[in-house]
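Colleague: Read off the chains here:
Number of protein chains: 2
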Amino acid sequence: MRTMQLGLVGFGTVGAGAARLLIDNAAIIQSRTGAKLRLKSIADIDIETDRGIALPDGVLTTDVEAVIDDPNIDIVIEMIGGETIAKEIMLRAIANGKHIVTANKALLAKHGNQLFRAAADHGVEIAFEASVGGCMPVIKTIRESMVANHIQSMVGILNGTCNYILSNITDAGSAFQAALAEAQASGCAEADPTLDIEGYDTAHKLAIITALAYGMEINFDDIYIEGITAITPMDIEYARQFGYKIKLLAIGKRSANAVEARVHPTMIPADNILSSVNGTLNALTITGDATGDTLLYGHGAGMMPTASAVLSDIVDIARNLLTGAGGRVPMLSYPFEHIQPRPIKPIDDITTHYYIRFSALDRPGVLSIISGILGQFNISIQSVHQKGRRSNGSVPIVMLTHQAREKHIKQAIEQIVQQDVITAAPMLIRIEDNQQPG
Amino acid sequence: MRTMQLGLVGFGTVGAGAARLLIDNAAIIQSRTGAKLRLKSIADIDIETDRGIALPDGVLTTDVEAVIDDPNIDIVIEMIGGETIAKEIMLRAIANGKHIVTANKALLAKHGNQLFRAAADHGVEIAFEASVGGCMPVIKTIRESMVANHIQSMVGILNGTCNYILSNITDAGSAFQAALAEAQASGCAEADPTLDIEGYDTAHKLAIITALAYGMEINFDDIYIEGITAITPMDIEYARQFGYKIKLLAIGKRSANAVEARVHPTMIPADNILSSVNGTLNALTITGDATGDTLLYGHGAGMMPTASAVLSDIVDIARNLLTGAGGRVPMLSYPFEHIQPRPIKPIDDITTHYYIRFSALDRPGVLSIISGILGQFNISIQSVHQKGRRSNGSVPIVMLTHQAREKHIKQAIEQIVQQDVITAAPMLIRIEDNQQPG
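Taken in order, these protein sequences are the chains called A and B. Residue numbers for the first sequence follow the numbering used here, beginning at 13 and rising by one. Residue numbers for the second sequence follow the numbering used here, beginning at 13 and rising by one.
Same shape as in the complex, but just chain A (with noise of 0.2 Å):
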């Protein structure tokens, strides 16, 4: 039986996972395989810290060259993280004729481009089912399953750490900030948790699957990004009573010319199953033209599930590796040359529903102001809600917009903030929402 023989470069907790995966259930991994994966080095700054996991005598390094340089191994699973070292650390190996396996989004977001080409230079694989979606099989579907399929759209729940946060306001009617602080608590926010609730790490996933379903180069800087901090429990409230949930959205969709790349709060139906998707679980649905709305639910995060997405590509290479299979799967989902330019739609340029609350001052003609402006800019309002409590002398005013272009409400808020009566800078949240009348 052969074996491959793995290098591990970074020995956090989700290296760590993959090499306790490795070694519990090496068995089933080796019957499942027909290969010995054998996990000759990991590299970390600190190989001090007792990860629990019994490894070999002389696994362990802190030369991380050693690890990337060394002739017998097959496939180097990058999992430092990061834009800086990992890259370096990635090019150097693949140069060496290493197959990479990584969960780094941000990397591969942001010099994907890059990376993959020097993988094809050198006719290795760069492997990444763990950098979107955790243990959901997000690549694999998309690169496998809908091979046949134009896809039109995605829309999804990418990452736990905001979805747990807001199903957090949304059950116990916390304020954004202590629903943070209770998710720095419990584990499930970062001390800096900025990548996380400003919404960076879900675009840089939105950005790797926008590349592999419509057949682009990555783009991660033209993508729209707004995070979750501005959410209050009162929108979350209004949401409810119009029978919306409040998420943070990856939105990648493809129509005749253009693409539609955005991360942003969103309503979307209650019974939408999207809605279902609770505490730190991470869903994606994909709708492709023969298939038509399909869905991946699951742990996009956490040690293990990480562990199990990393293993599975280790796996798919050794599988190549055995059968001389290299390059069976273009890594981008389509060869290169067709890679066709599409640019993504400036967010001015979208078209949606859209929820704004107002705070104006409790007074009769503020209504009659706001309308007239909106109707200035072609923007119909579905309907008009102001049952909201005052607070400092403010009342909200809720509105429902039918279909409007984004550009035109930027404009119509703009004016409408310049009135006397408005008291606060307006709420803005873009609803999706396949049936509601346009």
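Worth flagging that the hints you see were computed from the coordinates, not collected in a lab. Heads up, a few of these hints could be off.
If several chains are the same, the list does not tell them apart, and a pair holds so long as it fits within one copy or across any two.
Straight-line alpha carbon distances no greater than 20 Å define the calculated SDA-like cross-link-like pairs of lysine to any residue that follow [as the list claims (entries may be wrong)]: (1) K48 - D82; (2) K419 - Q189; (3) K357 - Q427; (4) K122 - S395; (5) K357 - S43; (6) K399 - G255; (7) K357 - A197; (8) K99 - R354.
Got chain A; can you put chain B on it based on the hints?
Modeller: Just chain B now, with coordinates in the frame of chain A:
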């Protein structure tokens, strides 16, 4: 660019869907596969009916043997269905060295062991993603994405007809016969619905995935099967009051030495994500030791969703042919030499919670009689509900039990129905509820 020659046998709905997708989405398939997939011949008894697909002259034939014996055909797509002719055709095509793509769950459930062995002996593959869950990537997820997991359980809704009927009874309060008639009128149920409503179709699929997940031979005969024909709106209403929904579930669980494989109507908590799966949609929860709970959701049947799965299999085989990677993934998830004999637990040996609805005379002492007998069999009652209305002189008495062994439940019921106060056979529905106190 290499051309793969395809022969389609069976030009009904699913076969026509595969042909349509091959033709309509030829460009995307070709660009992603790196090969041309040419539909060389289609065999069917009926080649006169216009299926609305523009085929080149000479593709259609009534001569099946001309297709499966054609030395130029690489892949035979078996879309006849059923267990007799389809089996002969498949065996002959295999003997001719053709790879097989099929959606035929009945055939694989009953003769899969023989067919997969024949394929292995002839160095060809049988691909069957479309046989379970339509476009949901069930087979690929179990075989590839969860390759490093010990799968612990699978619980799913795998028959759209049953789910449509149960959703209809739940939403409209229709009786079963009315809901079935409605499903037939809307095309969601066949004229002879036996295979679906009696649970056989679900069991065919469960037999296949149980083998893949637990490394055992396909064993359809020992699966416990109970359909949905006895479910009444009253039971669904009680379920609602207790916070449950009733779904026809395929349940496949693995414990140390035993496998549970059963199909029956089941009460599940309303907040279980499977409770949100309505209409003809399917979903499957797969729980692995590393992944935890995951779920796949989508259209489990229908012309184009099934075609999408068929095409993913064709492309998988084409990619193997291009790279010479035949046998890259073991067909049954484990290589034959690792497939273990694993008996399926008799239904009498399972332990779960039960809903039992007795019909009894509205008379003092009835509850004491029933609960006394249950107590003799060590069955502990969680709650009793007697609020239903009298009909034909009887009242419903509903009991939810704590964990109990099925054998004891049946023995107790056998004694209870002999009591004069019992007026009709009781309704027994198993409850699947991990959260419920045991």
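Colleague: Each hint should be assessed against the structure and marked as holding or not.
Modeller: Do the hints match the structure? See the list:
no. : hint        : in the structure
1   : K48 - D82   : within (18 Å within a copy, 40 Å between copies)
2   : K419 - Q189 : neither (30 Å within a copy, 53 Å between copies)
3   : K357 - Q427 : neither (25 Å within a copy, 70 Å between copies)
4   : K122 - S395 : neither (41 Å within a copy, 57 Å between copies)
5   : K357 - S43  : neither (48 Å within a copy, 25 Å between copies)
6   : K399 - G255 : within (16 Å within a copy, 32 Å between copies)
7   : K357 - A197 : neither (39 Å within a copy, 44 Å between copies)
8   : K99 - R354  : neither (26 Å within a copy, 47 Å between copies)
Violated hints for the displayed structure, listed by number in ascending order: 2, 3, 4, 5, 7, 8.
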